[in-house]
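Could you build all of it, start to finish, from the sequences and the hints given here?
There are 4 protein chains.
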Amino acid sequence: MISFNNDYSEGAHPQILQALQESNDIQTAGYGMDPYCEEAIALIRQKAETDAEVFFVSGGTQCNQLLIGHALRPYEAVISAQTGHINTHEAGAVEATGHKILPIYSENGKITAAQIKDLMKEFPADDEHLVRPAMVYISHPTELGTLYKKKELEALRKVCDEHQMLLYLDGARMASALTAKGNDVTLADLAKLCDAFYLGGTKCGALLGEALLVPNKACAKNMRWSMKRHGAILAKGRLLGIQFAELFRNDLYTELGKHANEMAEILRAGISSLGYEFLAKDNSNQMFPVLPNRIIDALRKDYVFATWKAGEEESTIRLVTSWHTKQEDVHDFITALSKLTLAAC
Amino acid sequence: MISFNNDYSEGAHPQILQALQESNDIQTAGYGMDPYCEEAIALIRQKAETDAEVFFVSGGTQCNQLLIGHALRPYEAVISAQTGHINTHEAGAVEATGHKILPIYSENGKITAAQIKDLMKEFPADDEHLVRPAMVYISHPTELGTLYKKKELEALRKVCDEHQMLLYLDGARMASALTAKGNDVTLADLAKLCDAFYLGGTKCGALLGEALLVPNKACAKNMRWSMKRHGAILAKGRLLGIQFAELFRNDLYTELGKHANEMAEILRAGISSLGYEFLAKDNSNQMFPVLPNRIIDALRKDYVFATWKAGEEESTIRLVTSWHTKQEDVHDFITALSKLTLAAC
Amino acid sequence: MISFNNDYSEGAHPQILQALQESNDIQTAGYGMDPYCEEAIALIRQKAETDAEVFFVSGGTQCNQLLIGHALRPYEAVISAQTGHINTHEAGAVEATGHKILPIYSENGKITAAQIKDLMKEFPADDEHLVRPAMVYISHPTELGTLYKKKELEALRKVCDEHQMLLYLDGARMASALTAKGNDVTLADLAKLCDAFYLGGTKCGALLGEALLVPNKACAKNMRWSMKRHGAILAKGRLLGIQFAELFRNDLYTELGKHANEMAEILRAGISSLGYEFLAKDNSNQMFPVLPNRIIDALRKDYVFATWKAGEEESTIRLVTSWHTKQEDVHDFITALSKLTLAAC
Amino acid sequence: MISFNNDYSEGAHPQILQALQESNDIQTAGYGMDPYCEEAIALIRQKAETDAEVFFVSGGTQCNQLLIGHALRPYEAVISAQTGHINTHEAGAVEATGHKILPIYSENGKITAAQIKDLMKEFPADDEHLVRPAMVYISHPTELGTLYKKKELEALRKVCDEHQMLLYLDGARMASALTAKGNDVTLADLAKLCDAFYLGGTKCGALLGEALLVPNKACAKNMRWSMKRHGAILAKGRLLGIQFAELFRNDLYTELGKHANEMAEILRAGISSLGYEFLAKDNSNQMFPVLPNRIIDALRKDYVFATWKAGEEESTIRLVTSWHTKQEDVHDFITALSKLTLAAC
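Residue numbers (numbering that gives the first Met the number 0), protein chains in the order written: chain A, 0 to 344; chain B, 0 to 344; chain C, 0 to 344; chain D, 0 to 344.
Since the hints were derived computationally from the structure, they do not count as laboratory data.
Backbone N, C-alpha and C define an ideal beta-carbon position, used for all residues, glycine too.
Among the hints, erroneous ones may be present.
To spell it out: a stretch of chain D is covered by chain B in this simulated footprint if at least three of its residues, at any positions, have a beta carbon under 8 Å from a beta carbon of chain B; those stretches are [to be verified]:
1. 64-78
2. 123-129
The calculated BS3-like cross-link candidates involving lysine-lysine, where the alpha carbons are at most 27 Å apart (straight line), are [as the list claims (entries may be wrong)]:
3. K120/D x K157/A
4. K220/B x K180/C
5. K300/C x K220/B
6. K120/B x K300/D
7. K220/C x K216/B
8. K157/C x K191/C
9. K220/B x K280/C
10. K220/A x K308/D
11. K116/C x K308/A
12. K116/A x K300/D
13. K300/B x K120/D
14. K191/A x K220/A
15. K300/C x K157/B
16. K120/A x K300/C
17. K216/B x K216/C
18. K308/C x K116/A
19. K220/C x K220/B
20. K120/B x K308/D
21. K220/C x K280/C
22. K308/B x K120/D
23. K308/A x K150/A
24. K220/A x K216/D
Residues from chain D that keep clear of chain C, each with C-beta distances beyond 10 Å, as calculated [unchecked claim]:
25. M0
26. P13
27. D24
28. G58
29. Q163
30. T178
31. G181
32. D188
33. K220
34. K235
35. A268
36. R293
37. S314
38. D331
39. T340
Set out below in structure tokens:
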């Protein structure tokens with residue numbers, strides 16, 4: 000069985016395991032106060048051309064819960080696409096910190112400055128019966144693999160400033176976003192435009208770990224207290240520092256993102272050439288082709304992948320490539336789909 | 000510099016790194032639904048002679064917050080020694096879930112059934128102005144390295160039953176507890192006596208990870224929803240399964256605990272022979288000697304350790320041994336202390 | 000200025016003030032453990048033909064927050080119409096207790112069993128990445144003044160049972176609902192069909208106060224602890240008992256509801272006869288006529304009311320009648336509207 | 000039966016009922032945005048010589064929960080005497096907002112600047128494993144009826160400033176405190192020294208209600224959102240405004256406090272003259288005499304009061320006087336106690 004189920008089906012990139020091996024016997028301070036974390040922070044800051052505070056945590060849900068819970072006052076709410084990860088796939092982790100999510104309908108996973116402007120009309124500044132929207136949550140790429148343009152982010156920043164709202168970007172698959180065809184957003188852009196954003200490690204070759212950047216210093220203040228309070232400080236915090244140092248020392252992060260995207264492009268082109276449509280256009284390392292159910296069933300004998308939206312005749316599936324995806328597996332999948340397509344005619 | 004600062008200053012036991020290496024390219028399902036976690040669960044259940052539900056999480060604070068937040072109703076409180084980790088060193092993680100901690104004064108880190116009986120007199124069953132004590136939190140070993148006797152745990156179980164309270168045991172340093180001189184408690188005992196308890200991996204040779212056992216099935220129900228809600232499910236959940244399988248397949252867990260204790264015994268005997276006193280008697284892999292400040296300052300040139308309680312002339316320090324502690328380092332420390340002691344006379 | 004702004008613009012019904020006066024010097028126990036509360040509970044139980052637990056609280060938001068926070072486990076969510084009071088007008092009070100609200104789109108403020116059945120398809124019983132829907136929140140009348148039919152409530156009960164969900168009904172304007180034209184639901188029906196529901200006092204002639212009935216005994220257990228924890232137990236709890244006893248001793252509650260509805264019917268008929276449309280059909284003591292903006296502006300010189308939905312030419316306004324509304328004021332309003340309408344032709 | 004059980008056993012002072020009666024038919028805006036609340040706020044500000052923000056809420060627990068939850072960041076904790084109301088008698092309402100209470104031992108219910116200074120030594124500014132103490136909670140009078148001296152409050156203010164902590168004072172029985180023999184603290188002093196404090200109405204002749212003053216404007220910002228989120232805004236908010244306007248228009252508040260204290264003084268003198276001791280010295284309108292259990296049992300036939308601390312031979316009881324206490328009842332009590340005392344000799 001070959002898995003296109005997600006980008007976290009294996010262990011870590013070999014260089015990361017190697018780095019863990021080499022550092023294994025060295026004694027350091029605990030809780031992320033070690034030289035590895037320091038190095039990783041310096042490398043990430045350099046890459047993003049920022050002096051943002053950087054914090055390492057275990058996973059995306061933890062990161063979102065931490066940042067949102069830390070930055071908002073109790074009565075404040077966060078705006079998200081209704082498809083946003085925090086709104087659908089985190090078992091209420093944001094609400095667990097006492098905050099309401101205000102969903103905005105989105106076809107492609109993105110939300111626009113105009114939509115936020117419209118929403119804010121329903122929240123007059125003096126109506127205490129309503130929550131106060133105080134943050135916009137987006138992801139890059141989105142849950143549907145789509146990407147924001149720099150212009151769109153600038154417009155979001157502007158509308159956030161007009162309403163004194165924070166802009167927070169979830170970058171669980173940032174390596175793929177940064178290296179995707181058509182992407183015009185850099186880490187330096189994000190550091191300028193966002194109050195906070197994170198770079199996913201788990202989905203880019205790390206065993207676990209996300210790097211949270213908080214350019215907004217007021218927002219970063221006392222973050223480590225919130226981390227501890229959420230059980231988000233690892234005793235062996237170096238585990239995250241060692242991995243991120245490895246990912247950013249020689250730009251392995253970019254390299255792994257590129258590989259995932261290249262595999263995705265081949266897959267996308269192959270599926271497209273067989274006449275199939277996709278749910279959304281630009282998909283970074285995820286794609287959502289619509290296939291006949293009979294063909295989907297047949298593919299499942301050899302491949303693992305998720306059904307995104309089941310239909311009666313056709314369904315949308317999700318295919319994910321990763322740093323680990325092999326070109327031969329991609330070609331085999333296309334060949335298999337091609338055969339099944341011909342047989343179905 | 001040699002560190003006796005804690006038992007999480009290095010990476011992982013070599014066998015664990017080896018296991019990560021060997022499994023690295025194998026594709027599995029995410030979120031801990033993989034064969035490694037299954038194996039680890041089976042091994043732990045076998046070792047503890049129980050069919051308890053087992054959950055893997057990243058660290059102790061996360062584990063405590065998860066279990067307590069999951070098991071209690073909103074208005075219920077948890078009883079703890081005032082020195083308990085949840086009461087002092089978790090930045091309010093339990094209160095973050097809305098629950099009050101009721102501290103009981105303890106000289107040696109342990110609390111007794113009699114103390115709980117006394118406390119419960121102040122909480123009549125019909126007074127809704129007070130929180131309802133609904134859980135007793137203990138640790139084995141305690142924050143002061145002391146150990147519960149089986150009889151003491153049985154008495155705690157009894158008083159818990161009388162007041163319909165849950166008994167939860169924090170086993171961050173369980174490997175040391177189980178193999179400590181004088182310990183008469185087994186994992187099978189704990190599985191019978193506790194509603195929930197955890198076995199620490201982070202402090203026993205793992206990169207990270209704790210195994211939470213919940214023999215009380217009602218208490219375990221829907222735990223994975225609470226885990227997700229706390230950001231406590233790792234995408235690559237196998238990372239924890241692989242490590243715990245390695246720790247329990249051939250009883251590496253016990254072996255590592257034993258080594259830490261042996262190093263502690265040598266250290267304790269050496270310090271004791273120089274005429275120094277300790278804060279508490281049985282200390283598993285931690286010890287709390289009281290030394291003159293001048294000697295402490297001198298030791299700091301070559302050794303890393305924590306000050307537990309600073310005094311004007313003398314202070315109590317904490318020395319911790321681990322699976323990684325080398326016998327030569329222990330001997331060197333004793334020699335250094337011996338020289339400093341003689342010089343001070 | 001005459002107010003049709005809401006049903007809580009004045010003090011209390013004279014009989015209630017009278018009852019407060021008469022009982023004023025009598026000494027009783029505090030916290031609602033007094034004979035007045037006992038009597039009120041007995042009267043309400045009798046009226047609703049139930050042995051449900053009854054609790055008195057200060058207001059609707061407090062009541063909703065209390066019941067939902069008390070009844071749900073941390074990871075559980077509550078389904079509501081997107082227009083539901085808890086979803087829009089309580090400043091995140093439900094999320095403050097850690098629970099997500101799952102909104103269902105509704106044109107008229109009501110949700111159907113079929114909608115819930117559909118929603119539940121998106122929440123497979125074994126997916127811990129999603130919250131667990133565990134309660135359906137409805138109101139009778141709804142935010143738009145519409146009413147549930149008994150059959151619709153029975154269907155909701157059925158779907159709740161199928162998914163082991165609680166059914167909770169917000170009756171802030173219950174007096175009006177029970178006496179509205181076309182209503183076929185009794186308190187006894189609600190006591191059979193709902194796990195919990197409340198009877199609003201604030202909007203039916205009391206100074207403040209809502210009576211929460213919890214027929215589901217498991218759900219009621221230890222409720223007073225949750226009340227205290229929310230600051231929802233009044234020291235002079237008798238204040239609520241005295242008022243509810245007065246409202247239910249000789250069925251003043253029904254009488255006041257009837258009066259409000261009668262005034263609403265006259266108002267509705269008058270507006271309708273002038274050719275205006277309403278946002279929703281059955282409106283109990285609220286109505287939502289659509290009027291030209293120029294006429295609305297003119298009416299504002301003499302009348303207070305809320306704009307529900309502003310449009311460029313026309314807007315929807317909300318008119319509310321109450322126990323206190325005078326027939327002459329209603330007639331005057333119709334006359335004024337009639338004149339303005341003619342003038343506009 | 001005569002009750003000395005508490006100061007909230009009856010309804011409201013006749014003037015307050017009268018004011019409710021007179022205003023009953025006047026229509027106003029809801030939610031406390033009415034002229035009565037405005038007047039009450041102006042009167043209170045004038046009395047306290049402050050421009051503090053003023054908010055009205057239903058009860059003391061609600062007020063404490065609201066202010067503390069609103070003012071603190073998630074990881075911050077509040078220091079309180081271990082006997083403090085928030086620490087013992089609010090069913091975990093503060094912890095419900097996610098905050099830890101750090102208790103300080105106190106014999107007489109008061110805490111000192113020196114105690115806080117000592118406590119803060121255990122909380123180094125850079126240790127994120129500990130909560131951050133960020134507020135000191137005191138009450139005036141305390142749970143034991145004792146009173147702070149102005150000098151003591153100034154010292155607390157100073158230590159709060161040194162540690163950037165807020166000072167919050169619970170004035171549930173403020174009317175008694177202000178008029179107690181030996182009191183040297185004015186409302187104007189409190190407005191200068193405290194970041195926030197409240198004046199209790201419930202225990203001073205109101206049906207319900209507390210007035211929260213927040214001189215610290217940063218701390219007051221957006222308070223009404225937190226109020227709504229806690230279900231603490233009454234639809235008929237005027238109910239609180241009318242009462243507080245009545246209490247402060249002609250200084251009824253002071254007058255009622257004085258009466259309660261005068262009754263307490265007679266009671267205290269009488270008990271004292273019979274040779275009995277008290278738990279604490281200055282007791283405002285509460286007193287805690289230590290009496291033989293047999294005499295206590297006999298008194299219970301005619302009087303209602305609480306046992307504060309039960310002993311084998313003797314117990315401490317609590318007697319509370321109020322605006323409503325009659326001099327003849329006080330004399331009767333003393334006579335009864337005198338007879339019982341003689342009989343026991």
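Outcome of the hint check:
With 3 residues bearing a CB less than 8 Å from a CB of chain B, the segment 64-78 of chain D meets the requirement of three and the coverage assertion stands. Requiring three or more residues with a Cβ within less than 8 Å of a Cβ of chain B, the coverage given for the segment 123-129 of chain D holds, as 3 such residues are present. With a C-alpha separation of about 45 Å, the suggested pair K120/D and K157/A falls outside the 27 Å cut-off, and the hint is violated. Pair hint K220/B plus K180/C does not hold up; C-alpha atoms about 46 Å apart against a cutoff of 27 Å.
For the hint linking K300/C to K220/B, the alpha-carbon distance of about 60 Å lies beyond 27 Å, and the restraint is violated. Between the alpha carbons of K120/B and K300/D the distance comes to roughly 26 Å, so the proposed pair stays at or under 27 Å and holds. Between K220/C and K216/B the alpha-carbon distance is near 21 Å, which keeps this suggested pair within the 27 Å criterion. Between K157/C and K191/C, the direct Cα distance comes to roughly 12 Å. Compliance with the 27 Å bound is thereby established for this hinted pair.
Proximity of K220/B to K280/C is assessed by CA-CA distance (about 45 Å); at most 27 Å being required, the pair is judged violated. The suggested pairing of K220/A with K308/D is violated, with an alpha-carbon distance near 45 Å, which exceeds 27 Å. Between K116/C and K308/A the alpha-carbon distance is near 17 Å, which keeps this suggested pair within the 27 Å criterion. The hinted pair formed by K116/A and K300/D fails the criterion: a straight-line CA distance of about 69 Å is larger than 27 Å.
Annotation: proposed proximity of K300/B to K120/D holds, straight-line Cα distance about 26 Å (limit 27 Å). A C-alpha spacing of about 18 Å is found between K191/A and K220/A, which places the hinted pair at or below 27 Å, so the restraint holds. For the hint linking K300/C to K157/B, the alpha-carbon distance of about 73 Å lies beyond 27 Å, and the restraint is violated. Taken as a hint, the K120/A and K300/C pair is honoured in the structure, with Cα atoms around 26 Å apart against an allowance of 27 Å.
Of the pairs offered as hints, the one joining K216/B and K216/C holds, with about 23 Å between alpha carbons and a cut-off of 27 Å not exceeded. For the given pair, K308/C sits about 17 Å from K116/A by alpha-carbon distance, which is consistent with the 27 Å threshold. Only pairs whose Cα atoms come within 27 Å are accepted, and K220/C paired with K220/B is accepted, the gap being roughly 20 Å. Proximity of K120/B to K308/D is assessed by CA-CA distance (about 12 Å); at most 27 Å being required, the pair is judged to hold.
Distance check on the hinted pair: K220/C and K280/C sit about 39 Å apart at the alpha-carbon level, beyond 27 Å; violated. At roughly 12 Å between alpha-carbon atoms, K308/B and K120/D fall within 27 Å of each other, so this suggested pair holds. Taken as a hint, the K308/A and K150/A pair is broken in the structure, with Cα atoms around 31 Å apart against an allowance of 27 Å. Pair hint K220/A plus K216/D holds up; C-alpha atoms about 21 Å apart against a cutoff of 27 Å.
Once the 10 Å rule is applied to beta carbons, M0/D is inconsistent with being away from chain C; the minimum gap is 7 Å. At the 10 Å boundary, the C-beta of P13/D falls inside the reach of chain C, the nearest C-beta of that chain being 7 Å off. With a least CB separation of 6 Å from chain C, D24/D falls inside the 10 Å interface cut-off, contrary to its annotation. At roughly 6 Å, the least C-beta separation between G58/D and chain C is not larger than 10 Å, which violates its mark as non-interface.
The beta carbon of Q163/D sits about 27 Å from the closest Cβ of chain C, which is more than 10 Å, so the claim that it is off the interface holds. Against the 10 Å criterion, T178/D stays outside the reach of chain C, whose nearest CB is about 21 Å from its own CB. At roughly 27 Å, the least C-beta separation between G181/D and chain C is larger than 10 Å, which holds for a residue marked as non-interface. Every CB of chain C lies more than 10 Å from the CB of D188/D, the least distance being 27 Å, so the non-interface label holds.
Every C-beta of chain C lies more than 10 Å from that of K220/D, the closest at about 15 Å, which supports listing it as non-interface. For K235/D, the non-interface assignment is contradicted: its Cβ lies about 5 Å from the closest Cβ of chain C, within the 10 Å cut-off. With a least CB separation of 24 Å from chain C, A268/D remains clear of the 10 Å interface cut-off, as annotated. Look at R293/D: its CB is around 25 Å from the nearest CB on chain C, clear of 10 Å, so calling it non-interface holds up.
With a least beta-carbon separation of about 20 Å from chain C, S314/D lies farther than 10 Å from that chain, consistent with its non-interface assignment. In this structure D331/D is separated from chain C by more than 10 Å, as the shortest Cβ-Cβ distance comes to about 15 Å. Taking the minimum C-beta to C-beta distance to chain C, about 25 Å, the non-interface status of T340/D holds against the 10 Å cut.
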